[in-house]
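Trainee: So you can see what is in the structure, the chains are spelled out below.
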Amino acid sequence: LWETVTSSFASFIHAVQPVHLSKAVCHRSKRMILDSIGVGLVGSTTHVFNIALKYCRELYSSAAVSSVYGKPGIKLSPTLAAFTNGVATHSMDFDDTWHPATHPSGAVLPALLAASQMLPPSTKPNGLDFLLAFNVGLEVQGRLMHFSSEAHNIPKRFHPPSVVGTMGSAAATAKLLSLSIAQCTHALGIAASLAGAPMANAATQAKPLHMGNAARLGFEAALLAARGMEANPFILDGIPGCSGFSAFYSVYQPKPVSVPSDHHEFLLEKQDIAFKRFPAHLGMHWVVDAALSVRNLFINYAGSFSPSLIRTIVLKIPVSKYINRPFPSSEHQARHSFQFNACTALLDGEVGLSSFSENSIHRQELRELLDKVVVEHPEDNVANFDKMYGEVALLLHSGDVLTGKCDTFYGHWRKPLSRESLLKKFRSNASHVLSEEKIETIITTVDNLENLSDSSQLACTL
Amino acid sequence: MILDTLGVGLLGTSTEICHKVIQYSKIYSSDISSTTWGHLDFRLPPLYAAFVNGVAVHSMDFDDTWHPATHPSGAVLPAVIALSEAFSQKKKISGLDLLLAFNVGIEVQGRLLHFSSEARNIPKRFHPPTVVGTMGSAAACAKLLALDQLKCKNALAIAASYAGAPLANAATQTKPLHVGNAAKHGLEAACLALLGVQGNGQILDMESGMGAFYTDYNPQTLPTLQSYPWLLDQQDVAIKRFPAHLGTHWVADAASSVRRKLIEHNNLFPLDKIEKVIVKVPEVRYVNRPTPNSEHEARHSFQFVACSALLDGSMSVQSFASENIHRPALRELLCKTHLQHPPDNKPSFENLYCEVSVTLQDGYTFSDRCDTFYGHWRKPLRKEDLEKKFQSNASRVLSAEATEGILETVYNLEKVEDSSVLSTFLSGQSATALSEKLHLL
Numbered sequence: 001l002w003e004t005v006t007s008s009f010a011s012f013i014h015a016v017q018p019v020h021l022s023k024a025v026c027h028r029s030k031r032m033i034l035d036s037i038g039v040g041l042v043g044s045t046t047h048v049f050n051i052a053l054k055y056c057r058e059l060y061s062s063a064a065v066s067s068v069y070g071k072p073g074i075k076l077s078p079t080l081a082a083f084t085n086g087v088a089t090h091s092m093d094f095d096d097t098w099h100p101a102t103h104p105s106g107a108v109l110p111a112l113l114a115a116s117q118m119l120p121p122s123t124k125p126n127g128l129d130f131l132l133a134f135n136v137g138l139e140v141q142g143r144l145m146h147f148s149s150e151a152h153n154i155p156k157r158f159h160p161p162s163v164v165g166t167m168g169s170a171a172a173t174a175k176l177l178s179l180s181i182a183q184c185t186h187a188l189g190i191a192a193s194l195a196g197a198p199m200a201n202a203a204t205q206a207k208p209l210h211m212g213n214a215a216r217l218g219f220e221a222a223l224l225a226a227r228g229m230e231a232n233p234f235i236l237d238g239i240p241g242c243s244g245f246s247a248f249y250s251v252y253q254p255k256p257v258s259v260p261s262d263h264h265e266f267l268l269e270k271q272d273i274a275f276k277r278f279p280a281h282l283g284m285h286w287v288v289d290a291a292l293s294v295r296n297l298f299i300n301y302a303g304s305f306s307p308s309l310i311r312t313i314v315l316k317i318p319v320s321k322y323i324n325r326p327f328p329s330s331e332h333q334a335r336h337s338f339q340f341n342a343c344t345a346l347l348d349g350e351v352g353l354s355s356f357s358e359n360s361i362h363r364q365e366l367r368e369l370l371d372k373v374v375v376e377h378p379e380d381n382v383a384n385f386d387k388m389y390g391e392v393a394l395l396l397h398s399g400d401v402l403t404g405k406c407d408t409f410y411g412h413w414r415k416p417l418s419r420e421s422l423l424k425k426f427r428s429n430a431s432h433v434l435s436e437e438k439i440e441t442i443i444t445t446v447d448n449l450e451n452l453s454d455s456s457q458l459a460c461t462l
Numbered sequence: 001m002i003l004d005t006l007g008v009g010l011l012g013t014s015t016e017i018c019h020k021v022i023q024y025s026k027i028y029s030s031d032i033s034s035t036t037w038g039h040l041d042f043r044l045p046p047l048y049a050a051f052v053n054g055v056a057v058h059s060m061d062f063d064d065t066w067h068p069a070t071h072p073s074g075a076v077l078p079a080v081i082a083l084s085e086a087f088s089q090k091k092k093i094s095g096l097d098l099l100l101a102f103n104v105g106i107e108v109q110g111r112l113l114h115f116s117s118e119a120r121n122i123p124k125r126f127h128p129p130t131v132v133g134t135m136g137s138a139a140a141c142a143k144l145l146a147l148d149q150l151k152c153k154n155a156l157a158i159a160a161s162y163a164g165a166p167l168a169n170a171a172t173q174t175k176p177l178h179v180g181n182a183a184k185h186g187l188e189a190a191c192l193a194l195l196g197v198q199g200n201g202q203i204l205d206m207e208s209g210m211g212a213f214y215t216d217y218n219p220q221t222l223p224t225l226q227s228y229p230w231l232l233d234q235q236d237v238a239i240k241r242f243p244a245h246l247g248t249h250w251v252a253d254a255a256s257s258v259r260r261k262l263i264e265h266n267n268l269f270p271l272d273k274i275e276k277v278i279v280k281v282p283e284v285r286y287v288n289r290p291t292p293n294s295e296h297e298a299r300h301s302f303q304f305v306a307c308s309a310l311l312d313g314s315m316s317v318q319s320f321a322s323e324n325i326h327r328p329a330l331r332e333l334l335c336k337t338h339l340q341h342p343p344d345n346k347p348s349f350e351n352l353y354c355e356v357s358v359t360l361q362d363g364y365t366f367s368d369r370c371d372t373f374y375g376h377w378r379k380p381l382r383k384e385d386l387e388k389k390f391q392s393n394a395s396r397v398l399s400a401e402a403t404e405g406i407l408e409t410v411y412n413l414e415k416v417e418d419s420s421v422l423s424t425f426l427s428g429q430s431a432t433a434l435s436e437k438l439h440l441l
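One line per chain: the protein sequences are V and A, in this order.
Taking full-length UniProt numbering, the leading residue of the first sequence gets 1, the next gets one more, and so forth.
Taking full-length UniProt numbering, the leading residue of the second sequence gets 1, the next gets one more, and so forth.
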């Protein structure tokens, strides 16, 4: 039986069972769930989040059963909760990043949390079902990205969460809602018609909407499929002369996914995720670690950090237009600026939440440093999260040159965050909106997710 | 365009897909609500009203088509009507306001389509209503909301992030969602912009902005407002006479004409004596379907329309009913039908033609060619025929009074003081109860 790519995906989504999850996959995915919740909680304090919430509350009031990050008194209809929480998750660019490049968790988790609260008490999925559905959402995203060599590099045209994230959300919610194979196929087909946002809105306030919409629209696709909506059953296959999912790529080579028999190797097993240590684009993390390293050298050399001794700051970075900004003027731009992050690290010795406040962005000392920055694009520095590096060189007036280089920042999949560091990030984020007690409850719940009998409890703790 | 779109939408509310999206949308209720065309029994939040009505408009592929190719009205009209109802307590929207906003939505779509030479041909990658339609809806709603220049810009930027659905869902039940979503998402983008969300202020300029949807993209600034050259002035739309892909309209006219010749020559339609049917059309993969099995596929099949028109003499809404799609005479004729793609037959709604030839067993061949079908912008529908289409569509779900009410209102739109009267008729309320509402300036 020759199977189409699309039907292989639908079969996978439908047929995969908790028993197929490996320990490593469970472990890694739970780390992702925890980090994503924390990032969403701190994200619920942002301006863009407030707008999204206000919008949803004004237009919709009933069928309000799903929780909103950081707002215990408020409930929204499930897809709008998914939207709002997705916006929160990506609002500060603090969420996880995978290879090939996308932010996988933010598109999937908010949809699952909302869906879990939507189902009637007699059919509530347990923690293991939830964990499985989450991993289905990740796996589908990863598989889809492998269909195009373009996807391996930092994107230029469509923002990946809006492309594969929407599909992942559809797959995950289809799994949680136990849709039939045919319905899973159509969920994917409908979701494709809801996917795809251009890169130009990255580094603007609208970028978080990409994540919110990925979560929401993928979820909607599953709901529509559940109600019998049909789409093109070959959406993932290459259809000559009439683009399906291939519309989003210039080179597209789809492959079927194997239906899990006794053993399925999830991509997460072979390729872990990167967690961010501060809220900015992943590329920034290399230059920051490089900057911190050269800063130490400089302090040893000069006794203290004395900017007046610096004539030029040379940044060696890959070519990527949307993260090359010499003088960012908003927080969104600052999170997408090699120059800004390098100089902040040099000046302050660290980069954190407060580095992106209005005051921090516009301070004089920082502007002065930014003036000294020169950017270079060495040929061997590829715009790819698996291969890139960051180098910061300080050319001093004295003629001396100090250099710092970072190949793998702490938090990257080659150097994963320790459990302590991950928890520290989570507690710091969650404490902006939740009590200590609630924070510890979430940590315990996620740690023991496989044993939870009613997964909607997780959503209720938010 | 407004009249045709309303008729097509009303008819569309009786489709299966429309029933599904209505069921789906009922999940959401709100304090502010808008009319679902053809339904008095419930209302929906403006966004979902726009969605459902947009789906209705495209549910049968019966809505207008422009050049460069898109279905402009379905993405805009449902959104502006739904939005106009959302304000009705606070502020009156006049017919002229509505007409202007509608035209802003159409104009923006046309201008965007001119930014890429790809757009001049029948599409292959993204379905145009999902690309430019979303933008048009955002522009029209921004106009109706009277957003300032900065917010209008943001509405467009945000809308771009919702745009773009692949063509592969054409000829499936999901295609109508494309227009519903264009309307809904454009409206959502305008609402988010109103609330202060900001996007990339150069969204239309950048390759990584609107340019993401095209392989060649050359944006241009708009002319000044002084004696503004509206695209609709220079280039009219095509209005469909039956609910199927525009390309099939050439086929229908050519086939009907060949049928007349056959009957003239043979005194009856010689079904049993037909050896083969050749249909010469441009190469358009998604309308090339030798044996369609669903209504959605049949509406996207050159072969189906050729055979249907040969058998019946003309095409209608009924041509796509299940019994007709599956009738044996048709299936038999389909087996004898082949497409050919002459190199001079370009896949563009401005240039394409269709030639149908029927060869009998005795060797005689009857053929005819259609360069411009009746309803195309070069040969627009006469007023009576446009009205006839509207009446036929609207009367499936509305009373004669409501149907008349809509006709009156749309013809006099510039003079209508309170455009909410249109929505009231659309919901099916009795016109006699409303005659007071129809105040003309």
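Derived by calculation from the structure, the hints in this document are not laboratory data.
One or more of the hints may lead you astray.
Pairs of lysine-lysine, PhoX-like flavour, derived with a Cα cap of 25 angstroms [as the list claims (entries may be wrong)]:
| # | chain 1 | residue 1 | chain 2 | residue 2 |
| --- | --- | --- | --- | --- |
| 1 | A | Lys153 | V | Lys156 |
| 2 | A | Lys153 | V | Lys54 |
| 3 | A | Lys124 | V | Lys54 |
| 4 | A | Lys153 | V | Lys255 |
| 5 | A | Lys151 | V | Lys54 |
Trainee: Hint by hint, note whether the structure agrees.
Mentor: Hint-by-hint comparison with the structure:
Using a Cα cut-off of 25 angstroms, the hinted pair Lys153 of chain A and Lys156 of chain V holds, with the two alpha carbons roughly 22 angstroms apart. Proposed proximity of Lys153 of chain A and Lys54 of chain V is supported: the alpha carbons are some 21 angstroms apart, at most 25 angstroms. Proximity of Lys124 of chain A to Lys54 of chain V is assessed by CA-CA distance (about 39 angstroms); at most 25 angstroms being required, the pair is judged violated. A C-alpha spacing of about 40 angstroms is found between Lys153 of chain A and Lys255 of chain V, which places the hinted pair above 25 angstroms, so the restraint is violated.
Note on Lys151 of chain A and Lys54 of chain V: the hinted pairing holds, with a Cα-Cα distance of about 17 angstroms set against a maximum of 25 angstroms.
The structure is inconsistent with the numbered hints 3, 4, although it conforms to all the rest.
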